[in-house]
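**Q** Just remember that my numbering sits 44 ahead of the position in the sequence shown, which is counted from 1.
Don't read these hints as lab results, they were simulated from the structure.
Quantities reported herein were computed from a predicted structural model and do not represent experimental measurements.
Glycine included, each C-beta is placed from N, C-alpha and C at the ideal position.
Treat the hints loosely; a few may be bogus.
Restraint-style ranges between C-beta atoms, simulated for each label pair [to be verified]:
#	residue 1	residue 2	range
1	T178	D296	40 to 46 Å
2	G132	R58	30 to 36 Å
3	A157	F102	24 to 30 Å
4	P189	Q56	30 to 36 Å
5	P189	L147	41 to 47 Å
Here are the simulated SDA-like pairs of lysine to any residue, each with C-alpha atoms no more than 25 Å apart in a straight line [what the hints assert, rightly or not]:
#	residue 1	residue 2
6	K160	P189
7	K303	T52
8	K160	N227
9	K303	V201
10	K303	E270
11	K277	G254
12	K160	M89
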Amino acid sequence: MNVNAICTALAQLREQAPLVVNITNYVVMNNSANALLAIGASPIMAHSREEMAEMMAFAGALVINIGTLDRTWIERMTFAVEQANEAGKPVVLDPVGCGATSLRTNTARQLAALAKHLIVRGNASEIIALAGQTSQGKGVDSQDPSEAALEAAKQLVEQYQAQVVISGATDYVVSNEGTFALNNGHPMMTQVTGTGCSLSAITGAFAAIGETSGLAAAAVMGVVGEIAAEQTKGPGSLQVALLDALYNLDADTLTQRLKLSQLT
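Using the sequences provided together with the hints, build the complete structure.
**A** Right, here's the structure in full:
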């Protein structure tokens, strides 16, 4: 995929305004919903088992974020993935804090194994832990550089027939079609909770219109993060500026700013 294809996917997303079902943590529900609205998608934060089969029949994608995890959430997430499978819809898994506790690690692996059309979006430590390797995470924060997760990502691609997005100073997108590196974004993005979660939600929006590699979402989020950081002085205003940049992003800006390279 090149920048022209990414711009085309963005235009299609805004034209189709796909519905994205999110089972996400309490901390970032508002962030994720607003990011989806700003990019042009339609979010719904649906957690009820009673409506999930009906919801997934007409939604475009399912985003699962394990940030605030307990047994009730796990049962809801499992059922939602089963319904997404039944409807043939893509599942984006954000394995928040995978590697921090056995509950998070085991749940992330179980959900990954269950999903038939899987995209994993996480930081390097989460990706490494999901693959069963030793990571350096601290809670939900990564202590591993993104490039350290490349081999783990390739393992997940093979193990789960997944697409994998590794977030970090350099973002990597790994699939059977190759490995891409994106060098946009800004360090201030790590000082705002939910930035990665917003990327996962946007990954779901692109997946809903058929762009299931994760590359377009990572490209968009990196560019808008860069733009937002140039316009703000700190993480508080960065949150608002990110939404504005998502809303105002156009093909010319994306083409001029995107730093994309294919490694393999």
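**Q** All hints are to be evaluated individually against the structure, with a verdict given for each.
**A** Hints versus structure:
1. A hinted range of 40 to 46 Å for the beta carbons of T178 and D296 is consistent with their spacing of about 44 Å.
2. Checked against the hint of 30 to 36 Å, the pair G132 and R58 fails, with Cβ atoms roughly 24 Å apart.
3. Roughly 26 Å separates the CB atoms of A157 and F102, a value that falls within the hinted 24 to 30 Å.
4. For the pair P189 and Q56, the beta carbons lie near 33 Å from each other, so the given range of 30 to 36 Å is met.
5. For P189 paired with L147, a C-beta distance near 26 Å fails the hint of 41 to 47 Å.
6. At most 25 Å may separate the alpha-carbon atoms for a hinted pair to count; K160 and P189 exceed this at roughly 29 Å.
7. The straight-line distance between the Cα atoms of K303 and T52 is roughly 17 Å, inside the 25 Å bound, and the hint therefore holds.
8. Among the hinted pairs, K160 with N227 is inconsistent with the structure: their alpha-carbon atoms are about 30 Å apart, more than 25 Å.
9. Among the hinted pairs, K303 with V201 is consistent with the structure: their alpha-carbon atoms are about 24 Å apart, no more than 25 Å.
10. At roughly 11 Å between alpha-carbon atoms, K303 and E270 fall within 25 Å of each other, so this suggested pair holds.
11. Between K277 and G254, the direct Cα distance comes to roughly 36 Å. Violation of the 25 Å bound is thereby established for this hinted pair.
12. Between K160 and M89 the alpha-carbon distance is near 22 Å, which keeps this suggested pair within the 25 Å criterion.
Checked against the numbered hints given earlier, this structure breaks hints 2, 5, 6, 8 and 11; the rest are met.
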